[in-house]
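Participant: For the sequence shown, the working numbering gives the first residue as 195, with consecutive numbering after it.
Worth flagging that the hints you see were computed from the coordinates, not collected in a lab.
Take these hints with a grain of salt, some might be off.
Distance windows between CB atoms, simulated [unchecked claim]:
#1 317 <-> 344: 35 to 45 Å
#2 333 <-> 308: 25 to 35 Å
#3 254 <-> 319: 31 to 41 Å
#4 251 <-> 344: 18 to 28 Å
#5 317 <-> 297: 18 to 28 Å
#6 317 <-> 254: 32 to 42 Å
#7 249 <-> 318: 34 to 44 Å
#8 297 <-> 257: 25 to 35 Å
Here a beta-carbon is modelled for each residue, glycine too, at the ideal position from N, C-alpha and C.
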Amino acid sequence: MRLALYQPDIPPNVGTLLRLGACLGVPVDIIEPCGFPFGARDLKRAVMDYRDAADVTRHVSFQAFHKSIAGNRLVLLTTRVDAPYTEFTFTESDILMLGRESAGVPDDIHAIVDHRLVIPMVPGMRSINVAVSAAMVLGEALRQTAGFPKIGSLSETTGLV
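Input sequences plus hints: build the corresponding full structure.
Facilitator: Right under this line is the structure:
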């Protein structure tokens with residue numbers, strides 16, 4: 195399982211998603227160009243001290259990214275379909291892609307992804323924050339594929355006795 199961020203616009207969202215990936219052991223692909231300098235202060239603040247634990251691959255373009263994932267299903271989270279993620283069967287090798295916060299992904303990318311999924315929402319609502327959306331769908335995908343990290347005892351994971 196991987197997360198892919200298509201030309202992200204907002205550094206705190208990217209930082210949150212890198213932290214999510216680090217905590218769940220899920221690699222994150224950044225498809226450039228980003229809408230901000232990648233080392234931006236807001237990104238550093240959001241990712242905190244999880245930066246070294248995050249498995250991040252940066253791609254210079256969508257074409258370079260797409261070429262690198264041959265053989266894996268590309269699953270786009272979008273508001274432009276009626277297929278709820280809650281009715282989808284995920285596989286361990288799926289790549290969950292999220293579009294730009296300001297514009298999603300272009301039509302040509304919509305046309306070539308393997309699957310397009312939506313988060314069911316109350317009528318009239320436009321979208322859920324990209325990092326929250328990723329966490330919801332990634333959680334379901336990891337649950338279905340038994341991909342969550344194994345939990346040790348409380349004392350092992352927190353140092354508490």
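Participant: Hint by hint, note whether the structure agrees.
Facilitator: Hint check:
no.: 1; hint: 317 <-> 344: 35 to 45 Å; in the structure: holds, 40 Å
no.: 2; hint: 333 <-> 308: 25 to 35 Å; in the structure: violated, 20 Å
no.: 3; hint: 254 <-> 319: 31 to 41 Å; in the structure: holds, 34 Å
no.: 4; hint: 251 <-> 344: 18 to 28 Å; in the structure: holds, 24 Å
no.: 5; hint: 317 <-> 297: 18 to 28 Å; in the structure: holds, 22 Å
no.: 6; hint: 317 <-> 254: 32 to 42 Å; in the structure: holds, 39 Å
no.: 7; hint: 249 <-> 318: 34 to 44 Å; in the structure: holds, 38 Å
no.: 8; hint: 297 <-> 257: 25 to 35 Å; in the structure: violated, 18 Å
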